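Trainee: Next come the chains, spelled out residue by residue.
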Amino acid sequence: MPIGYVWQTFLETPLINVMVALSAICFGSFGIAILVFTVISRAVLFPLTLRTLHSMRKIQEISPKLQEIQKKYSDPRRRSEETMKLYRESGVNPLGCLGPQLVQFPIFIALYQVIRITVATTPESVVGLSNRLYDADFIQHAIPLSTSFLFVDLQANGGILLTAVVFASMWLQQRISTGRTPSTATQSAQQQQMQAMMLWMMPALFSWFVLVAPAGLGLYWASSTVIGIVLQWMFVGPGDFTWGSLVPAVVRRRLGGSPATARRPRPAFAGAGGNASNHPAEGDSEARTTDEGSGDQRQDRRRGNRPRARSTRPAPRSGRRRRHPRG
Amino acid sequence: MSPDAQPWRPSPVAPHAAGARTGFHRESRSVFHVKHRTHRRLRLRRGATLALLPFLLLLALLSGCTHGLEAPAGWAAPVSDGQQVYVQLQPGVLSAVRIAEGTVQQRWRYPADGDKIKLTAIYGRPIVSGGTVFVAAHSGHVVALDAATGRPLESWRGGPVDLQAHIVATPAFDGSRLYVATDRGDLFAVDAGSGASTRLMAGDGRVWSGVAHRDGVLYLGNLDRRTIRAVDAQTGALRWEQTLSGAALADLQLDGSALIVGSLDRAVQALDTAADGKERWRFGGDGWFAATPLVAEGAVFAATLRGSVYAVDPVSGEQRWQFHRDDLTVRARPALASGVLVVIGRKGDVFGLDPATGTPRWHQTLTDVRIEADPLLHNGALLLVTTKGELVRVAPDSGTVSRLGAAG
Chain A
1 MPIGYVWQTF LETPLINVMV ALSAICFGSF GIAILVFTVI SRAVLFPLTL
51 RTLHSMRKIQ EISPKLQEIQ KKYSDPRRRS EETMKLYRES GVNPLGCLGP
101 QLVQFPIFIA LYQVIRITVA TTPESVVGLS NRLYDADFIQ HAIPLSTSFL
151 FVDLQANGGI LLTAVVFASM WLQQRISTGR TPSTATQSAQ QQQMQAMMLW
201 MMPALFSWFV LVAPAGLGLY WASSTVIGIV LQWMFVGPGD FTWGSLVPAV
251 VRRRLGGSPA TARRPRPAFA GAGGNASNHP AEGDSEARTT DEGSGDQRQD
301 RRRGNRPRAR STRPAPRSGR RRRHPRG
Chain B
1001 MSPDAQPWRP SPVAPHAAGA RTGFHRESRS VFHVKHRTHR RLRLRRGATL
1051 ALLPFLLLLA LLSGCTHGLE APAGWAAPVS DGQQVYVQLQ PGVLSAVRIA
1101 EGTVQQRWRY PADGDKIKLT AIYGRPIVSG GTVFVAAHSG HVVALDAATG
1151 RPLESWRGGP VDLQAHIVAT PAFDGSRLYV ATDRGDLFAV DAGSGASTRL
1201 MAGDGRVWSG VAHRDGVLYL GNLDRRTIRA VDAQTGALRW EQTLSGAALA
1251 DLQLDGSALI VGSLDRAVQA LDTAADGKER WRFGGDGWFA ATPLVAEGAV
1301 FAATLRGSVY AVDPVSGEQR WQFHRDDLTV RARPALASGV LVVIGRKGDV
1351 FGLDPATGTP RWHQTLTDVR IEADPLLHNG ALLLVTTKGE LVRVAPDSGT
1401 VSRLGAAG
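Top line first, the protein sequences correspond to chains A and B. 1 is the number of the first residue of the first sequence in the numbering used here; add one for each residue after it. 1001 is the number of the first residue of the second sequence in the numbering used here; add one for each residue after it.
No wet-lab data here; the hints were simulated from the structure. Every value quoted in this text rests on a predicted model; they were computed, and no experiment measured them. Certain hints may be false.
Claimed, not checked - What the simulated footprint calls covered on chain A by chain B, stretch by stretch (three residues with Cβ under 8 Å from a Cβ of chain B suffice, anywhere in the stretch; the number is not a length):
1. 17–30
2. 142–156
Unchecked claim - Which stretches of chain B does chain A cover? Using the computed rule of at least three CB atoms under 8 Å from a CB of chain A, they are:
3. 1244–1256
4. 1287–1296
Quick reminder that beta carbons are idealized off the backbone N, C-alpha and C, glycines included.
Chain B extracted, bound-state conformation (with noise of 0.2 Å):
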């Protein structure tokens, strides 16, 4: 030991090696301790890099699994008041457009740059009466716009009324209230003049398809309970209500007392509404049934999301004929124009059919579409809205094609 060795501290970094006795061993060993631990910190952390890898790993893969989930975009029909038409170009703004020599021009948009509302998606289709606008969100809110400027209505003081839950069904509109039905099945009457809002019915389902009315009666279809209800007006009292074996997803149509519902059981029934919904008759297609009907012409045309289109007699239920193309699914409600049966389906066929026979009259194919939105009989065409929000003109007796493209 040398004499003149500094008594020995512990080193900061390897305090336990306090049991050495010469320099040699205090200094070669602090620094082994050193190295030692250094190089078992290295390992250490070595390790727990490795042993995180997965957990990252597997993070990722987890985190990846939460994307892609679909988010409502809605397929809002679009309306016409005989000078603009009020579309959705994009989730959860309705825009209102001019369409003139081929081009399309946006006259005003709501919510604009500005509003804090969201409307997240519009399913149901506006409602225009007396120069307003009527919006069911799926966001919950029902807006009264004007249809000049598009901005909400004075005489709703409150603003859009939000309703706490999403909003799916095309409301009815009895001139003076709007029945708006929920993704929880509560029934509402919004006053169109003031805006206040009355729950007229409690729910205990979705109700997507439409509402339909007649004569102080609403008719609701509820997805969750698979039934067709029809309730009063005024006071929300259940008159009678149907179970089908089937839920119905398309809106409700009225053709005299009979209410045609296309359902997801592959089936188009007609309810008699003046004896509590019973079943006239039931025609079995070959798919669901998410399309409206169209009653015309003496006729029920149906479409599934399985290729097939059918031709149905209102009274008896028999077929008439069928259309079918194996990539074909519609989700658009068939349209009659200039004695031509219009077919469009969901990836951009487009077919022209024979209203009596079933007959193909002409093919176009739209590429890089999707349409799931009713189509508009504007100005003695067709205009379809497509999810990506672009207008397209279609001429129903020649089938051409003119796409609008979107609003400029």
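For reference, chain A alone in the conformation it holds in the complex (with noise of 0.2 Å):
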């Protein structure tokens, strides 16, 4: 069986269908029938998402024994495989956060098609639209259907104001969610580099996407984010996140105010906006103390051009260092 006949027959059509009938519901308006399938979609996906939103608050939970299982294993073999053991003891799955994106993407793509496909901007898509709905006649009648909503329209592409909405509101969530996550020293520069990227190249993608597609698609997004949003803070919290921190450390001082607002100081973050660290060896990896064999000379790579006399163990002789000659 074809994958595009699996697709359209199990997933395109009959979600056509749906959003028409509930457009046909909700007096014609093809906007409120958006909004009221992301209401029912992320209702059918709330036990996954309370899922991954417990694994979250676990995560958090257990984020002290994985500083220190950061600190105490410099082997990453080892390091991981504790990690892992400490997740299997606590019951986490660091993947179980992407079940609810993974299963939300296949609506996204069909929810495009079908939103590409309902409103029917051109005369040929009407007609192919007739073979697409269910021989119901309150399904029929309701075409074709009002793309206008609260002065968008829904068939043309997204206007810079649903983009700045998804925009923000990607961000919001990416940031939450990032300031729960256990940062600071735990945190390899890739994971730095992945939560940077995660925080602004997300948000950009879909805003962009929301830019060239039809401005429904955008209006789904924005909805179904800010629904996630208010579900992450209802059942985890907002970690580290305080509305204060969104504003700039500049203007804080310029007001007076302290110049961390966040409820935990988040030094190993780059990309959080204003609570990066100015000191690259604090907060790195580079930081652990009990590191076998290594542990002295990196503490003297992070003293810099102090003296060296603290130091009373002999310099470390690692296999690297001595493939190099002495003297």
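Hints are included, so try docking the two chains, each in its own frame, into the full complex.
Mentor: So, in structure tokens, the structure goes:
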């Protein structure tokens, strides 16, 4: 059975009919239908979302232990084993957060097609829609749908306002999420990069998509993200996020407020808007003090040009260093 | 420490290694740092690449989604002035062709190579009058072309008229003015001689069904408002408005004082134009009536997108017969020629039916085609045009099909 047929028959066509039926129920407004659909889809995905949120909370709870592991083991394999062991013992699935996103993604793609097909901007697409509708009077009679919603034409490309809403809501959601994950010394540079990228690139990517896709899709994504933020806030809390942290540090200083308004400092996170550390060695993976064989060397480096007198141990001789000739 | 050791200078690669005291330490530490930093950079680079991969994948997926948007192609019906046939063979391009001995010869095309105008698509049937061809295109342009040369009329000093809105509906023509309804619902009168345009009515919804005109009154079907309006052709004043339960997509047909409307609520209705559009009768079918109903031989023939063709009594609205095929979807208007009702399916199924009983006389299948445009009765045969710009000749009495190909 070709995948296109399965996609159309079991996802796209039912979704088209659901949207048309919702529009018929919602006074012919496609915009309200999209909002209702968003609420329904989030409600259906709620168990999965709840699981994710619980998983996030557990990660938050075990973060001190995670930090301990990061400090204790320098061998990446050992560290990874211990981390996974901790996850297992705590009943945490580190990939659990991806569930709702993965489930939502096909819906997002299908919804794009559904909006494109249902709003039917060309006469050909109206005619083509006939084959996709179920043989029920209230569905058949609902076409054409009213595509104007709150001064937004849902069949036109998303405007600046909608794009800004999508960007802001996605950024906020990412910001709250990243504020919850254990940061500071436990994060590797890769993780920090990944977080920074998630914080800015995901909203940017979706905003671009909203700008070039029908506005109906932007409406879905914006409303879905806002619901996600509310759920996250209700069930897990805002993490280290405060509204004050949205104000740039420069402005806060000028206003005479505390430079750090966040609940806890986030020195390792460069993309969090003003909380980045100015000391790369601190909060870096190199700050570990108990690494066998290389700890002192790293401590030396951290000291920069301070005298070496404090160190009483002999110079470490790792295998890597012994390869170089002495003197 | 070696006595001849040079004072240490910070390495440009590892400036933070300035605390070294010996040459050995200096040497080995800076090498260590170079190596370590290189490794770190490599790790960061690898991390950045790994982080970028999902985004690139997402970007590719989202970009893939934006493809496949259906561009307007147009379904303008071909028309003839007896010498040439004017037909859209590719979206947004009108061609004048001559058909002789099974071959198609193109005389001209508009826009021609070098013309800056882009018509996008043509839905409205061209109007031929006095050696001029009038075209209203989806781009919003209304053009008057010399039928002999295919060039825009010089008397239209401003060139093609741009109405700033998409045009789908076939305009009406009263001999001196074109009445053009737009996608926004505006109604314009365009002077056929000079090209001067006047807005008769401001719009509030899409008008896609062809404008009907009789005795100084224009009839418009509003898709979004689901209304039929009668408007004074001189002033644009509203005479009457009738709300339907479904939107009108097919062209409006006048039959005496009755206005026949096929709509998306799976109904054909007859409105009394003499009684402010009051409904005379309503006939319910099994699907949308996107094809313009044919009023001929004392019957209304209407086809649906769900495989049925109906013959309906024009006075009472009662069904006379029904012809049904599951895989038949009809957008093109049925045609009556040589005593045979020819029904053309979108996917290439062509049926010849007995207009009195609906009994099939013949059936032909054209492969690999899509037909949306109304057929043209030309030299005793029906001329069909496919969405790929292929012309097909169908003999109505025998059902013989000749694929003429594209214009040479």
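Trainee: Establish whether the coverage given for the stretch 1287–1296 of chain B by chain A is satisfied; the threshold is a Cβ-Cβ distance below 8 Å, and no fewer than three residues must meet it.
Mentor: This one holds; 3 residues, not fewer than the three required, reach chain A with a Cβ under 8 Å.
Trainee: Verify this for me: three or more residues of the stretch 17–30 of chain A with a beta carbon less than 8 Å from a beta carbon of chain B.
Mentor: violated (count 0)
Trainee: Using C-beta distances, would you say chain A covers the stretch 1244–1256 of chain B, given that this needs three or more residues below 8 Å?
Mentor: Answer holds; 4 residues pass the 8 Å Cβ test.
Trainee: Go check the stretch 142–156 of chain A versus chain B for me, would you? Three or more residues, Cβ under 8 Å, otherwise it fails.
Mentor: holds (count 3)
In the structure shown, a violation is registered for the earlier hint numbered 1 alone.
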